[in-house]
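Residue numbers (this note's numbering), protein chains in the order written: chain Y, 9 to 358; chain F, 3 to 298.
Just so you know, these hints were derived from the structure itself, not from any lab.
All values reported here derive from a predicted model rather than from experimental measurement.
Backbone N, C-alpha and C fix where the C-beta goes; we use that ideal spot for every residue, glycine too.
Among the hints, a few may not be true.
[As the list claims (entries may be wrong)] One-sided and incomplete, this derived list gives chain Y residues near chain F with beta-carbon spacing under 10 Å:
no., residue
1, 283
2, 333
3, 336
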Amino acid sequence: MNLLFPVIAVAAAFLVGSVFVLLIGDNPIETYWLLIGSALWWPDGIGYTLFLATPLIFTGLAVAVAFRAGLLNIGAEGQLYVAAFATAWVGIVLANVPATVLVPLCFAAAIAAGATWGAIPGLLKARFGSHEVINTIMMNFIAVALVSYFTQYHYRTPGDPILQSAPISANAYIPRVGELIPGFPERIPLNLAFILALVACVLVYVLLWKTKWGYELRATGSNPSAAEYGGISVRRQIVLAMAISGGLAGMVGINEVLGYRHRYYDGFSDNYGFTGIAVALLGRNHPVGVILAALLFAILTRGGIPVDAFTQNVTKDIVQILQATIILFVAAEALFRKPFQRWLTSSPSR
Amino acid sequence: MADLFTVSLIWSTIRLSTPLILAALGGLFSERSGVINIALEGMMLAGAFTAAAMTYATGNPWVGLLTAIGAGAGVAAIHAVACIRYRADQVVVGTAINILMIGLPGFLSGAFFLSSGSTPQLPIEQLIPLAPIVMAFAFVPLTWYALYRTPFGLRLRAVGDNPEAADAAGIDVAKIRYTGVLLSGALAAMGGAYLSTGQSSLFTRNMTSGRGFIALAALIFGKWKPTQTLLACLFFGFTEALTIQMQGVVKLPSGEDIPVQFIQMVPYVLTIIVLAGFIGHSRAPAALGVPYAKER
């Protein structure tokens, strides 16, 4: 049952998408074949798909952890921007520090910045009861403006027409998969951060289901008043959950800055934070589900490029339409649950 | 010179506030009925695209405006059905609609206008630059009247604050909420239509650039009340007008420019402060975000 509805939701979304494709006079089967086939082609298709899945695993995990504590973190987008800038900042300022020290420092900067940006709406909720959804939305805009200010006024290479920071020190680079596995092309930006994302999934799983603290977090999420009565400080859980969530979102900065662009690039996020909501939701807020859902959304994003180029009328915008429809169908699961239960109760008995 | 600066600043404040007022009033109808609407952004985009595309197709901006209102209500209907009938999470559905409306206009304009996300330029005689401004400001007292002086307004507020009691009093909770959400789509779409066929003369990808969220912030800043929401919209419109006009004009005593980014942050920072209760308390409708399940 747990897996059935997400699968139905994805199938239904593809069906809706094909109506749109037919509407503008293209062939949905060809379009989907191009979309999915090109994203799984070895090595470029798969390499880029895994590269694109990396930020989505982080943001999906971020939203899932918050959700388990009963919080909706719409602010992963802002958290990852602040974190990406922070990690770039450390990589620029501490340029002469050796790699063995600098790389961990850059990791810590990304996680700490994301965690701080996440903890603020957590604190506001715990202290003043203000809703985390509104505050995380507001924090997104503040984050974008803030890092854009620092980039533009303080860390841009003079004369650079692009709004981006100066490059980080080569000591802060993390290796691409092509440097680790012989035969895998080095031009593909898939990097160590992908492995880190998988490790984060394991850690989140252990944390949530194998530790006392995770139990308290989930208790807070499922019934805050019972948790409070059982001696759990709900306020503390809210702040902690938002900080961890923000820290996970912040790890996107590791992939983007240390593994890929080697500088902070203004506006780099392709809605990773918001797609993370879809990833968590589709993945049932479970780390394994998050990986699968992140892969699906990465396939869509990667596959959108050839769709744009090689179909008559369909543009890569089909990807957003599919994403949105998947979220809608997963969110409005009752749409399928009711007929399904009716079918379950009626058919075997007759 | 100073006068010219002031007059044009006031005028651009009014123009820039207009889409915010329309969208925020829309948000008011939805949220006072108890349905969170973070999809104002998407509904504005639906209106902006439809208005520009239909004005281009028919040559008549009023047809554009009317179809935009229809499109906004249509998008709102998705939100309403998912949230009210299927009791989906209202924030998640809102996010989905915002993502959908980034993609759908691009998808359609790619097919119909062979462009990458924008509609063709409209001639100046096919624009309606003034009427939406008048409408936006006229809608504020109308909304106030509807909210506080009509049976519909009473029911809307009752459903948003205490759906159980409203239900017990014989009010159809779902019906009132559908009305609230559809109105929010229609109004937000008008705001979007003004962006593409009043303030500018074409639709471009993601042209609302966060205005739906600023409208939401204004609604919260205005404590979900029409008059205060209007003032919040004017204030946020003013900060936007300032960022446009003051680039390189206003300087700190030290001689440096005030960075635009700090002025852009103002609405968001203020909203957080107000929500935390530092400047008066902003109280949401009591049943905001809670799906209503009729007891049997």
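task = Against the structure, test the hints numbered earlier, and report the numbers of the ones violated in rising order.
result = When the structure is compared with the hints, none of them turns out to be violated.
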